[in-house]
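If you're matching positions, the sequence shown starts at 16 in this note's numbering and goes up one per residue.
Hint data in this document are derived by calculation from the structure and do not stem from the laboratory.
One should not assume that every hint holds.
Each computed DSSO-like pair below joins lysine-lysine, with the alpha-carbon atoms no more than 30 Å apart [to be verified]: (1) Lys-134 / Lys-494; (2) Lys-437 / Lys-497; (3) Lys-358 / Lys-240.
So the derived label-pair ranges between C-beta atoms look like this [unchecked claim]: (4) His-281 / Leu-158: 21 to 29 Å; (5) Asp-283 / Gly-234: 51 to 59 Å; (6) Arg-492 / Val-222: 38 to 46 Å.
All residues carry an ideal CB built from backbone N, CA and C; glycine is no exception.
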Amino acid sequence: MTIEEQDKRDDAMSLSDTDMDGGKSVSAGPEVTLEKIERESHGSLHRMVWMLAWPSVVTMLLQTLNSFMDRGFVGSLGPDSLAAVGVGGQLMFLLFSVGMSISIGATALVARFTGAGEKDQASMAANQSLWIAGVASIVCLALMWPLRDILVTAMGVNADARHLTIQYITITLLGVPALFVMLILGGVFRGLGDTLTPLYVMIGVNVIHLGGDYLLIFGHYGFPKLGLTGGAMALAASQVIGALLYLFALRSSVLPGVLRRARRPHWDWAQRILRIGIPAALQNLSRIVSMLAFTGVLARTGDGTAAVAALTIGLTSESIAFMPGFAFSTAAGTLTGQNLGAKNPERAERAAWAALQQGLAIMIVMGAVFFIFARQFALIFTQDPRVIELTVDYLRISALSEPFLAFGMILTGALNGAGDTKAPAWASIVTMWGIRLPLAYCAAHLWGFGAVGAWWAMAVSTMAGGVAAYAIFKWGRWKKVKV
């Protein structure tokens, strides 16, 4: 049922096709509309946020389940394999951040044009985002392939983990072009207000990835027993399937002929997308490179591989909190962009606060879950006593910063949806490089607290990031950004 059809049955939700300062918002399939803005109540706005957020919550839940089970499968191969997936995953996230940055530009433009009722412009933005992503994926492959050995060596893991990490990355790099298509089209659908399509795609991705893990890691049902190599092959295959599912869904979307609009990149469109995407790319790259450096700090502590494995488990477990954070960040970005396109910045602000209120409540609960059940989370992945101890410390310390993580994720999502990516990028660079890394090094090495000192540095920098996002959003410059 479409939102528009639902509204006809529920007069309390006044969402129907109505001009908004000369523009119209778009409604088709699961996309959420922005009509009759002035007549909507506070409760209606919260319902709109939830209608956008719940599919993303389920999508992230499936992604979390994917990560949990994948780490569980890999964890049975030993700490070196687990550390290899953690380090390899962080290196691959460098490429993920590039694709995600282009996706942020696509989401902001599609949301603006959707709010203004300009379907053709939204379609062209999607087309050009795909072209830019295609070029970027080739460039990323060309750079990462010859550097993978050097980068892994620089991480400081032991010889066995290093060998496994290089093996893992070599295979997963093959899925990068498909991954970029998934990221861009996911951003396009979110810009439309369609968060159900990414949910359906994630279901397909999970089936292929986890099914492939089960068959190829352990050699069930006559398949070869490939260990970590099989896990990497399953991941790459799932990304290809995910890209194909998105392309199929695009054919029945409200955007007319996205794949036929232009047969080459256009520089003017590239400038518009990259003007939003490049600061977001710098933010993501800064975050990931700083995490690589942070992992290097951990690898050189007395706990070494155990600390890196604990970080991998801790981040995977903490993705339960990232799940609502990302979901409400998506809702905030979509509603902010669409309302700015509809020339209603005040309602865009109210939508962002509504998303924050809902997401904050859930993430506080998640923080309590981490704190109380930290040991149970650790035991899912490993039986190594030292890894368990470090993972418990990580989860209980990070639980204290979860409310600040909500502010950082959701308000940054609203800023990105508005096309204001510069200020969040600078805030991320300062908190990561000016606070997290120096504090982690001092706490872990100079002050003798080891990995636990590094966990506290992460928590402090997360708190600082949440405060910075709040200050930037309250500043209000995002309301005047042109895309």
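### Task
Hint by hint, work out which the structure violates, then give me just those numbers in ascending order.
3
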